[in-house]
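For what it's worth, the working numbering labels the leading residue of the sequence shown as 1, then goes sequentially.
Errors might be hidden in some of the hints.
[To be verified] Straight line, CA to CA, 30 Å or less: simulated DSSO-like cross-link-like pairs of lysine-lysine:
#1 Lys59 with Lys194
#2 Lys172 with Lys282
#3 Lys264 with Lys282
Honestly, the hints are just simulated from the structure, not real lab data. As the structure is a computational prediction, the values presented were derived from the model and not from experiment.
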Amino acid sequence: MILNDIADLMNFSVEMVPNEPRNFIAGHIYANNTATGIFKMLIERKANMTIGCAICLPKRSELTSSSIPYFLLNYVILLKNQDKFSSLSLFMKPFQISTWLLFAIAFATKILVQRLCQSTLIGLKRRFLKLFLVLWMGLVFFLRCSYEGFLFEIMHNAPNRPLPQTIDTIIKQNYTLLTDVNSAHILEYLPNLKKITQIVSTAPNQVFNRFDILDGNVGLLSPLPIVTFYMSQRTENISRYALVRENVFTAMHCVYYPRYTYMKPAIDRLLTRLRLHGFIAKYTQIFHFNNAPLRTDKLSRRHRKHLGTALDMDFLNVIFCSIIALETIAILVFLLEYLSLRINVLQRIYSHIT
């Protein structure tokens, strides 16, 4: 649309030339100054300009001429919603395995102490034992609130497994990203993502089809306009997908020409006028951005409008660690008091303290 309007204003005709090779999409200029696709055609002057998604990159401007940036493009990661929690997963989910083991060890220790040391416990003054019991009740109350809060959250949200919200989380959770050849060029600036990304083919639709087939921790790296076009064909299943909250890469679009072309100054002036008068924004409506899936952070807040603000997890971790530390101190003091019944030195120390 932009190209047709520019052609009318500048009084020239547009002839679509197939890429070389024909099945190849876009192109690139590499560090050794070799070129592929449309950029090779521009260098050889087999074409006059590019259309479509051509990112403004410094290396491309060394061997070709580029227009001013006229459109902002976001690269995003598309994920599939995880399976729902099973009943056993919902029961075990609030706490990690280490927390459940702590409960089991504490319960077993209580039974052993009660069976083996019942006669000896009568001789204790029970002051530190009472402190231990008070702290134990506080710990149980804190964990119970955490457990019930998680179940309350499950009842107000779809019980799906949470999706990553940042790129760092995707890397830590061992996700594999799929992308096409054209989108893979941004990985030169993202070495961490390059390690976990597989280049599937040159056609974006083939990448999407493979993404639908695969299961597990698999994501799709693609420009947002292509994702929205893909979602417009799957509107009935759009809830199965989600976009990672954090954008991967933000780039500008440029028009590329052969080196030292006379068309560059005139088209730059027209692009500036179109952008200032809002025509570029109107053209971008064809991408149907309203078809984009929800971001991963929106999925977890869909039903939270009237639930208030959640407590900070760092604050809760400090409380939990403080209670555990006090419990440990109380248990150590209780053991020392227990040993004082058999060791005379400890017995004299405790007699002076109490």
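Practice task
Would you mind confirming whether the straight-line C-alpha gap from Lys172 to Lys282 stays at or under 30 Å?
Solution key: violated (39 Å)
Practice task
Starting from Lys264, check that the Cα of Lys282 is at most 30 Å away, please.
Solution key: Holds, at roughly 23 Å.
Handout entry: Satisfaction of hint between Lys194 and Lys59, Cα-Cα up to 30 Å
Key = Cα-Cα ~19 Å, so holds.
Going through the hint list in order, the structure does not satisfy hint 2, though it satisfies all others.
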